[in-house]
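Enquirer: Here is how the chains run, residue by residue.
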Amino acid sequence: MKFTFLAILACASVIGGCATTNQRVLDADDQTQLQKRTYQSRTFDTSDKERVLRATISTLQDLGFVIDRADLTLGSVSATKMQGYLIKMTVSVRPKGTDRMLVRANAQFNVTPIEDPKQYQDFFSSLEKSLFLSANAGE
Amino acid sequence: MKTSPIFILALLLAGCAEPPKNVFVVTPELLKERQVETRRYDGIKEEDLLVACSNVLQDLGFNLENSETKLGVLTANKQRDATNASEVAMAVFLALLSGKPVPYSKDQTIRVSLVIRPVIDSNNKPMANSELVRVTFQRVVRMTDNSTRIETLNDEKLFQDFYERVSKAVFLEAQKV
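Chains A and B, in that order, are what the protein sequence lines are.
Counting in my numbering, the first sequence runs from 1 upward without gaps.
Counting in my numbering, the second sequence runs from 140 upward without gaps.
These are calculated hints, taken from the structure and not from any lab test.
Here the structure is a predicted model, which means the values were calculated and not measured.
A few of these clues could be false.
Derived EDC-like pairs (lysine to aspartate or glutamate); straight-line CA-CA distance at most 16 Å [said to hold, decoys possible]:
| hint | chain 1 | residue 1 | chain 2 | residue 2 |
| --- | --- | --- | --- | --- |
| 1 | B | Lys209 | B | Glu186 |
| 2 | B | Lys245 | B | Glu204 |
| 3 | B | Lys264 | A | Asp48 |
| 4 | A | Lys96 | A | Asp45 |
| 5 | B | Lys239 | B | Asp284 |
| 6 | B | Lys160 | A | Asp122 |
| 7 | B | Lys160 | A | Asp99 |
| 8 | B | Lys307 | B | Asp181 |
| 9 | B | Lys245 | B | Glu226 |
| 10 | B | Lys307 | B | Asp220 |
| 11 | B | Lys245 | B | Asp284 |
| 12 | B | Lys209 | B | Asp187 |
| 13 | B | Lys217 | A | Asp45 |
| 14 | A | Lys36 | A | Asp99 |
| 15 | B | Lys171 | B | Asp284 |
| 16 | A | Lys88 | B | Asp181 |
| 17 | B | Lys209 | A | Glu115 |
| 18 | A | Lys88 | B | Asp246 |
| 19 | A | Lys36 | A | Glu128 |
| 20 | A | Lys88 | A | Glu115 |
| 21 | A | Lys49 | A | Asp68 |
| 22 | B | Lys209 | A | Glu128 |
| 23 | B | Lys307 | B | Asp198 |
| 24 | A | Lys118 | B | Asp300 |
| 25 | B | Lys217 | B | Asp246 |
| 26 | A | Lys49 | A | Glu128 |
| 27 | A | Lys129 | A | Asp62 |
| 28 | B | Lys171 | B | Asp294 |
| 29 | A | Lys88 | A | Asp68 |
| 30 | B | Lys160 | A | Asp116 |
| 31 | B | Lys217 | B | Asp198 |
| 32 | B | Lys209 | A | Asp71 |
| 33 | B | Lys209 | B | Glu185 |
| 34 | B | Lys264 | A | Glu50 |
| 35 | B | Lys171 | A | Asp62 |
| 36 | B | Lys296 | B | Asp187 |
Assemble the whole structure, with the sequences as input and the hints as a guide.
Expert: Okay, structure coming up:
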């Protein structure tokens, strides 16, 4: 009984130690905003927003995602993958200068943000193939 | 009582679990799924095809959730019963054996997303009046203990049936009946 109590207390303190609500809302952690932006975005040498968005949508579908919503004006696409686990992803496309498009992606796995740059790298290389354009480093 | 620390620990581990490796890599299996989920329609404008598809979804009892005609995207969903006689029988049998209630499927939300894009020709230009339709289905099944099971549907027969209906609707659309 005493052990159980101590174990619960230990687990509770671990959970409590994880983060406060504010930290969750702002997702403030050891990675800086700039670091995240760097691995979550790429630029493409095209000024055609619709083409990039359509390629994004078909890449997401190729990866087994179901599109939740898309908006050409906002330049955003949200999609969900359900394969026993849940991945939610939002990709936004906006012009950068006059002849390039900036693509920014962020994803969450179940209830945790995906923060492994390798996963985003994989996503952008899949997108490159469907756009027939190479991705350049982001911002 | 003894299980609670283990349970909490499991919960913690699950919460921190990493996504599977290569989840953002297009594999040959995924390309095969693309083939199953896609059909090509010629001689119809994207807009008309989108209207025909939205009619089919309505015929199937889906409620339109979201659409962006400029990008050829439609999403819809429906809630349906998910009880299955053999599963219930199995659950009752297991419950009798173990003396504990065994959860079984209760209801489900079926989500569909349909995307139309123009066929790209050899010069990397979109072709006029040649469109590719790709549809994907997911479902969230709620169990009697309120837990959920989520999955993507990939039964080839489902897609065949669906596109048969789209073909009929396209024909009706073309004839403006």
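Enquirer: Evaluate each hint against the coordinates.
Expert: Comparing the hints with the structure gives:
1. B:Lys209 - B:Glu186: Roughly 9 Å between the alpha carbons, so the hint for Lys209 of chain B and Glu186 of chain B holds.
2. B:Lys245 - B:Glu204: Violated, because 23 Å separates the two Cα atoms, which is more than 16 Å.
3. B:Lys264 - A:Asp48: Holds. Lys264 of chain B to Asp48 of chain A sits at ~12 Å (cutoff 16 Å).
4. A:Lys96 - A:Asp45: Judged against 16 Å, a Cα distance of about 10 Å means the pair holds.
5. B:Lys239 - B:Asp284: holds, 12 Å
6. B:Lys160 - A:Asp122: Since the Cα atoms of Lys160 of chain B and Asp122 of chain A sit roughly 10 Å apart, the hinted pair holds (cutoff 16 Å).
7. B:Lys160 - A:Asp99: violated, 34 Å
8. B:Lys307 - B:Asp181: Holds - the C-alpha atoms of Asp181 of chain B and Lys307 of chain B are around 14 Å apart, at most 16 Å.
9. B:Lys245 - B:Glu226: holds, 10 Å
10. B:Lys307 - B:Asp220: violated, 28 Å
11. B:Lys245 - B:Asp284: holds, 9 Å
12. B:Lys209 - B:Asp187: The hint holds at about 13 Å.
13. B:Lys217 - A:Asp45: With a Cα-Cα distance of about 40 Å, the restraint between Lys217 of chain B and Asp45 of chain A is violated, given a limit of 16 Å.
14. A:Lys36 - A:Asp99: Measuring from Cα to Cα gives roughly 24 Å; hence the hint is violated.
15. B:Lys171 - B:Asp284: violated, 36 Å
16. A:Lys88 - B:Asp181: Cα-Cα ~33 Å, so violated.
17. B:Lys209 - A:Glu115: With Cα atoms ~32 Å apart, Lys209 of chain B and Glu115 of chain A exceed 16 Å; violated.
18. A:Lys88 - B:Asp246: violated, 23 Å
19. A:Lys36 - A:Glu128: violated, 20 Å
20. A:Lys88 - A:Glu115: This hinted pair holds, its Cα atoms lying about 13 Å apart.
21. A:Lys49 - A:Asp68: violated, 19 Å
22. B:Lys209 - A:Glu128: violated, 22 Å
23. B:Lys307 - B:Asp198: Holds, at roughly 12 Å.
24. A:Lys118 - B:Asp300: Status violated; Cα separation ~39 Å.
25. B:Lys217 - B:Asp246: Judged against 16 Å, a Cα distance of about 11 Å means the pair holds.
26. A:Lys49 - A:Glu128: At roughly 15 Å apart (the allowed maximum being 16 Å), Glu128 of chain A and Lys49 of chain A satisfy the hint.
27. A:Lys129 - A:Asp62: holds, 11 Å
28. B:Lys171 - B:Asp294: Holds, at roughly 12 Å.
29. A:Lys88 - A:Asp68: holds, 9 Å
30. B:Lys160 - A:Asp116: Distance of about 10 Å is within 16 Å: holds.
31. B:Lys217 - B:Asp198: This hinted pair holds, its Cα atoms lying about 12 Å apart.
32. B:Lys209 - A:Asp71: With a Cα-Cα distance of about 8 Å, the restraint between Lys209 of chain B and Asp71 of chain A holds, given a limit of 16 Å.
33. B:Lys209 - B:Glu185: Holds - the C-alpha atoms of Glu185 of chain B and Lys209 of chain B are around 10 Å apart, at most 16 Å.
34. B:Lys264 - A:Glu50: With a Cα-Cα distance of about 13 Å, the restraint between Lys264 of chain B and Glu50 of chain A holds, given a limit of 16 Å.
35. B:Lys171 - A:Asp62: holds, 10 Å
36. B:Lys296 - B:Asp187: Status violated; Cα separation ~25 Å.
Checked against the numbered hints given earlier, the structure breaks hints 2, 7, 10, 13, 14, 15, 16, 17, 18, 19, 21, 22, 24 and 36 and satisfies all the rest.
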